[in-house]
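Participant: Given only the sequences and the hints, what does the whole structure look like? Please build it.
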Amino acid sequence: MASLKEVRNRIVSVNSTQQITKAMKMVSAAKLRRAQDAIHQMRPYAQKLAEMIATVSAQTEAGAENPFTEVREIKRALIIVVTSDRGLCGAFNANVGKATMALVQEKYADLNAAGNVEILALGKKGGEYLSRRGFKVNEAHADIFTRLNFTNVREIGEVVLNAFTEKQFDVVEVLFNYSKNVATQIIQTEQLLPLVASESGEKASSVDYIFEPSEEEIISELIPKSIKLSIFRALLESNSSEHGARMTAMDKATDNAGELIKALKLEYNRSRQAAITKEILEIVGGAEALNA
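Letter by letter, the sequence shown follows residues 1 to 292 of the UniProt record's numbering.
All clues stand as given, with none of them false.
Result set (EDC-like, lysine to aspartate or glutamate): computed pairs, CA atoms no more than 16 Å apart in a straight line: (1) K107 - E190; (2) K107 - E118; (3) K25 - D255.
FRET-style restraints, in silico, Cβ to Cβ: (4) F150 - I210: 26 to 34 Å; (5) R133 - A274: 47 to 55 Å; (6) H40 - R154: 15 to 23 Å; (7) K75 - I210: 37 to 45 Å.
Note that these hints are calculated values from the structure, not bench results. Every residue gets a Cβ at the ideal spot worked out from N, C-alpha and C, and that includes glycine.
Facilitator: Structure, rendered in structure tokens:
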């Protein structure tokens, strides 16, 4: 059995840890609210843009002739993996890493064996996880969440679009966490390039558009913007999910610390009671010896 001093020190240590996890939970809750506001403000614009592209593409041939819709034999693949820069958020990052490995094994196993699958890591943890497992990882944007805005994401989108048009990659996919609710994150996988109709179906509206300037110019502007916006949305969704996962993890850690403190206090009281009982017995034994 541990000494009273050791148990007392453990209680103090666990109590300090509990205060830290409680503070981290509160910080994540505040950041989660801001992240949710950002994604909610962006969604209507993204939905309307997707609807416009679906409508214009359905009414014209310009969409089919766009270089970003070109379907070709897949010889090289780029997978954009969105994770966080920091840990302490449960299985948030590990789940994305496992989903990425499963996707590569399922769809691009031969390409990966030939070294033709590249990972673009948006977030430090995803890059570290996959590089340790032998993947070719580009970690140039590991600090993206410290400056998360559309201007910086647009630069990443330009790099991806140029790489596709220059045929450095024949397909581009993105993996990220989508927040179903605060406690539940779902791995989302989307194909960015070549641009294809959403499986959920962005229905083309019956609006009869008047094109100014030309249909080709409008499509050439809308499609790249839509792809960049998809990357930005993935980052915003992941950012919101990260704070929800960290808040949940810190809440559980706080509860676990509380349970551990209760167990340690019980152990401390038992040890203290045993020590007092031992001292009483020694005193009584000494008194009996004097009386004998």
